[in-house]
Amino acid sequence: MADSAIKAASDPEFSQAPRAPISRPPSAWQKGFDVAFRNGAHAFGLLVVLLLAGIVFEVMRHAKTAMADYGLGFLTRSVWDANRAQFGILAEIVGTLYTSLLALFVGGFLGITVALVLSQGFVPRRVELVMKNVIELLAAIPSVVYGLWGIFVLVPAVRGPAAWLNEHFGSLPFFSTRLSGPGIFPASLVLSIMILPTVTAISREALAAVPKRLLSAAYGLGATRWEVIFRVTLPTALGGIFGALVLGFGRALGETMALAMLVGNANVFGWSLFSPGNTLAALLANHFPEAGKVEVGALMYAAAVLMLITLTVNALGSFIMLRTTRELKGLG
Amino acid sequence: MIPGTRFGAAIAALVGLCSISLSLACGKKQAPVAGTSDSAAPPPAAAAGPVTLQGSGASFPAPLYSRWFREFSDKNPDIRVNYQSTGSGAGIKAFIAGQTDFGASDAAMTDDEIKQAKDNVILLPMTAGNIVLAYNLEGVPALKLTREEYTGIFLGSIKKWDDPKIVATNPGVKLPKLDISVVHRSDGSGTSFVFTQHLAAINEKWKAGPGVGKSVNWPVGVGGAKNDGVAAQIQQTPGAIGYIEYAFAATTKQPTAQLENKAGKFVAPSLKASALALAAVELPPDMRAWVTDPAGDDSYPIVTYTWILAKKKYDDKTKADALKRMLKWSLSDGQKLSESLFYVPLPEAVAAQVLKAVDTIQ
Numbered sequence: 000m001a002d003s004a005i006k007a008a009s010d011p012e013f014s015q016a017p018r019a020p021i022s023r024p025p026s027a028w029q030k031g032f033d034v035a036f037r038n039g040a041h042a043f044g045l046l047v048v049l050l051l052a053g054i055v056f057e058v059m060r061h062a063k064t065a066m067a068d069y070g071l072g073f074l075t076r077s078v079w080d081a082n083r084a085q086f087g088i089l090a091e092i093v094g095t096l097y098t099s100l101l102a103l104f105v106g107g108f109l110g111i112t113v114a115l116v117l118s119q120g121f122v123p124r125r126v127e128l129v130m131k132n133v134i135e136l137l138a139a140i141p142s143v144v145y146g147l148w149g150i151f152v153l154v155p156a157v158r159g160p161a162a163w164l165n166e167h168f169g170s171l172p173f174f175s176t177r178l179s180g181p182g183i184f185p186a187s188l189v190l191s192i193m194i195l196p197t198v199t200a201i202s203r204e205a206l207a208a209v210p211k212r213l214l215s216a217a218y219g220l221g222a223t224r225w226e227v228i229f230r231v232t233l234p235t236a237l238g239g240i241f242g243a244l245v246l247g248f249g250r251a252l253g254e255t256m257a258l259a260m261l262v263g264n265a266n267v268f269g270w271s272l273f274s275p276g277n278t279l280a281a282l283l284a285n286h287f288p289e290a291g292k293v294e295v296g297a298l299m300y301a302a303a304v305l306m307l308i309t310l311t312v313n314a315l316g317s318f319i320m321l322r323t324t325r326e327l328k329g330l331g
Numbered sequence: 000m001i002p003g004t005r006f007g008a009a010i011a012a013l014v015g016l017c018s019i020s021l022s023l024a025c026g027k028k029q030a031p032v033a034g035t036s037d038s039a040a041p042p043p044a045a046a047a048g049p050v051t052l053q054g055s056g057a058s059f060p061a062p063l064y065s066r067w068f069r070e071f072s073d074k075n076p077d078i079r080v081n082y083q084s085t086g087s088g089a090g091i092k093a094f095i096a097g098q099t100d101f102g103a104s105d106a107a108m109t110d111d112e113i114k115q116a117k118d119n120v121i122l123l124p125m126t127a128g129n130i131v132l133a134y135n136l137e138g139v140p141a142l143k144l145t146r147e148e149y150t151g152i153f154l155g156s157i158k159k160w161d162d163p164k165i166v167a168t169n170p171g172v173k174l175p176k177l178d179i180s181v182v183h184r185s186d187g188s189g190t191s192f193v194f195t196q197h198l199a200a201i202n203e204k205w206k207a208g209p210g211v212g213k214s215v216n217w218p219v220g221v222g223g224a225k226n227d228g229v230a231a232q233i234q235q236t237p238g239a240i241g242y243i244e245y246a247f248a249a250t251t252k253q254p255t256a257q258l259e260n261k262a263g264k265f266v267a268p269s270l271k272a273s274a275l276a277l278a279a280v281e282l283p284p285d286m287r288a289w290v291t292d293p294a295g296d297d298s299y300p301i302v303t304y305t306w307i308l309a310k311k312k313y314d315d316k317t318k319a320d321a322l323k324r325m326l327k328w329s330l331s332d333g334q335k336l337s338e339s340l341f342y343v344p345l346p347e348a349v350a351a352q353v354l355k356a357v358d359t360i361q
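Listed in order, the protein sequences are those of chains A and B. Start counting the first sequence at 0; every next residue gets the next number (numbering that gives the first Met the number 0). Start counting the second sequence at 0; every next residue gets the next number (numbering that gives the first Met the number 0).
Be aware that a few hints might be false.
Taking lysine to aspartate or glutamate pairs in the EDC-like style, the calculated list, with each CA pair at most 20 angstroms apart, reads [stated by the list, open to error]:
1) B:Lys225 / A:Asp80
2) A:Lys292 / B:Glu112
3) B:Lys176 / A:Asp80
4) B:Lys312 / B:Glu112
5) A:Lys292 / B:Asp111
6) B:Lys158 / B:Asp178
7) B:Lys206 / A:Asp80
Which chain B residues face chain A? A few, computed with CB under 7 angstroms, are given here [claimed, not checked]:
8) Gly88
9) Gln98
10) Asp161
11) Ser185
12) Gly187
13) Lys213
14) Pro218
15) Gln234
16) Thr236
In short, the hints are calculated from the structure, not lab data. Ideal Cβ positions, reconstructed from N, Cα and C, are used throughout, including at glycine.
Make a model of the complete structure from these sequences and hints.
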């Protein structure tokens with residue numbers, strides 16, 4: 000009864016209002032815009048994929064002759080002599096991996112530690128935010144500035160300790176030569192600072208994504224803060240942290256300018272941290288501008304190798320990241 | 000919001016903007032070079048404004064060239080000259096591809112490159128420079144090196160500063176017990192070409208080993224990018240020695256070694272000693288003269304010309320005329336500026352010969 004009374008009372012009001020329905024079919028313009036936007040977005044998305052394919056194709060096209068000429072021997076010899084058309088990039092491949100691994104070792108340890116400090120409430124929130132931004136700003140410093148800083152600040156600073164290590168522990172292969180200036184060690188140190196933002200940002204996110212109920216449960220069982228961090232938080236976020244390390248590694252592999260300035264650009268490889276070396280990216284940067292036709296082919300071959308290494312590492316990192324986020328969200 | 004984040008974001012945005020505008024600026028710089036080949040087509044429209052000449056190439060004479068072109072444009076406001084120091088190899092490539100009106104190279108052009116330019120090229124020596132061996136040894140203000148010693152150092156057979164040979168050459172000098180750190184160029188460069196050419200001319204082992212080139216397979220040492228990179232590395236490293244252009248050593252006040260020349264005399268690098276070395280070599284008709292090992296008691300041993308590459312015949316007559324005026328000015332009034340910037344002025348006979356060649360440009 001009451002229901003129908005209300006209906007009756009309100010009905011005339013409705014009927015008096017102009018018959019303009021709230022929902023309207025989209026106008027032709029809106030439809031057109033919608034379609035154009037959707038197609039545009041698809042096209043641009045496709046463009047990115049095509050761009051990558053285009054780059055790979057172009058590099059391969061230029062590298063083809065060199066690949067046929069030098070074969071796999073290119074990967075196992077250490078010589079770069081444009082005059083005699085003899086090329087081999089073993090020293091560069093090993094140098095690239097060596098510097099990047101060292102950088103990962105130092106930068107990874109630092110990065111994860113900082114991420115822990117920034118995500119586990121060790122410092123007031125205000126300080127946390129400032130620190131987080133400062134570290135992310137490290138990524139905004141141009142590579143060439145890192146290089147200059149390395150030459151004028153870092154190298155003189157590490158010369159003393161390096162000489163001491165060489166004198167006292169010279170029998171170890173890592174310290175077997177003297178640091179003359181640029182070399183593997185200063186290059187790796189700068190590289191570790193450069194990958195710090197990547198490693199910190201991603202591992203901080205992984206740590207912050209650990210469900211609060213897990214932590215609460217652990218605290219509830221009487222665990223101390225350290226126990227929670229080492230037994231619960233870190234193991235849970237391990238996948239994400241690992242992904243952060245792999246992505247940092249990928250970044251280190253492709254880094255060019257700072258390394259070209261600091262690594263020494265010598266076509267040799269030694270285990271000693273203080274000896275000069277070379278990396279693929281530095282080789283490319285140094286030799287491209289003045290290269291003749293044959294050398295360009297060899298450089299493209301080297302570029303293809305570098306691309307293969309970085310693509311593999313980055314794909315691996317992204318894959319790990321993807322899997323762990325799914326697991327944390329309970330989708331795994 | 001916490002002020003820290005906003006501030007951080009502002010800085011990040013600023014840095015980002017800067018890098019974007021930087022890359023834009025770079026892009027702009029390159030754009031006109033690519034466009035010049037087209038702009039050659041409509042001369043009537045261009046005749047109203049100033050004629051712009053585009054050039055690129057060698058970095059070694061770049062300071063002198065930019066000074067020349069600036070002063071020349073001040074006196075001749077109807078002609079503008081843009082010069083980019085991209086390196087000799089890149090300069091030759093751009094010139095052959097027709098992207099520039101003139102090129103510049105420390106290593107002249109090879110026969111093959113001249114063929115690629117369809118023989119429509121004329122090589123003009125514009126100035127000269129010497130390459131010095133700068134070193135970093137505390138308490139050793141003067142150092143003499145014999146031909147055998149400095150090739151030995153770069154071959155890696157002489158490893159210590161207190162090597163008996165170097166000690167014997169420098170009586171009375173207290174040489175430290177220090178490893179020699181050789182510094183060479185990491186990038187391809189005309190400077191390396193000239194230096195290795197000299198080493199190959201005086202030493203069979205070098206000729207058979209690393210050889211001659213804009214970049215060679217260095218037996219020892221670390222590589223620095225460009226002249227400034229090598230100079231900085233020498234300055235930073237105790238016990239270092241490396242080859243750089245004279246101007247870089249002179250401006251940084253880095254001590255340089257006196258080198259034994261063909262006549263067996265030790266000569267310190269100076270503009271006068273280089274001028275003497277140049278005078279000892281006669282310029283051939285194609286003007287590609289290499290001063291690999293000059294004779295004469297007072298000649299400094301490592302000297303080189305540096306060239307501007309011009310076309311024999313230009314499609315655009317106004318451009319050809321402008322270029323001729325610019326080159327003539329550089330070869331006469333311009334030469335007076337050379338010494339203040341540590342370049343060797345061309346010997347008068349050479350300048351006269353080059354001026355004559357400029358006249359043949361059409």
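Verify the proposed pairing of lysine 292 (chain A) with glutamate 112 (chain B), using a straight-line Cα cut of 20 angstroms.
The given pair, whose Cα atoms are some 12 angstroms apart, holds under the 20 angstroms limit.
Is the interface hint for glutamine 234 (chain B) satisfied, with its Cβ closer than 7 angstroms to some Cβ of chain A?
The hint is violated - glutamine 234 (chain B) has no Cβ within 7 angstroms of chain A, the shortest such distance being about 10 angstroms.
Is the straight-line distance between the alpha-carbon of lysine 176 (chain B) and that of aspartate 80 (chain A) 20 angstroms or less?
Violated. Lysine 176 (chain B) to aspartate 80 (chain A) sits at ~33 angstroms, over the 20 angstroms cutoff.
For the hint on glutamine 98 (chain B), just tell me whether its beta-carbon gets within less than 7 angstroms of chain A.
violated, 15 angstroms
Run the distance test for lysine 292 (chain A) versus aspartate 111 (chain B): straight-line Cα separation, threshold 20 angstroms.
Distance of about 12 angstroms is within 20 angstroms: holds.
The hint names glycine 88 (chain B) as touching chain A; please verify it with the least Cβ-Cβ distance against 7 angstroms.
Given a least distance of 3 angstroms, the restraint on glycine 88 (chain B) holds.
Take a quick look at whether lysine 225 (chain B) and aspartate 80 (chain A) sit within 20 angstroms of each other, Cα to Cα.
Given that 20 angstroms is the threshold and the Cα spacing comes to 19 angstroms, the pair holds.
Minimum beta-carbon distance criterion (7 angstroms), glycine 187 (chain B) to chain A:
Cβ of glycine 187 (chain B) sits 3 angstroms from chain A, so the hint holds.
Given the hint that lysine 312 (chain B) pairs with glutamate 112 (chain B), does the C-alpha gap stay at or below 20 angstroms?
With Cα atoms ~17 angstroms apart, lysine 312 (chain B) and glutamate 112 (chain B) stay inside 20 angstroms; holds.
Given a cut of 7 angstroms on the nearest C-beta pair, is the interface hint for proline 218 (chain B) held or broken against chain A?
Status violated, d = 10 angstroms.
Quick check on the hint: lysine 213 (chain B) CB to chain A CB, less than 7 angstroms?
holds, 5 angstroms
Quick one, is the threonine 236 (chain B) hint okay against chain A at 7 angstroms, beta carbons?
For threonine 236 (chain B), the interface hint holds, since the closest Cβ of chain A sits about 4 angstroms away, which is under 7 angstroms.
Violated hints, listed in ascending order, are 3, 9, 10, 14, 15; each of the other numbered hints is respected by the structure.
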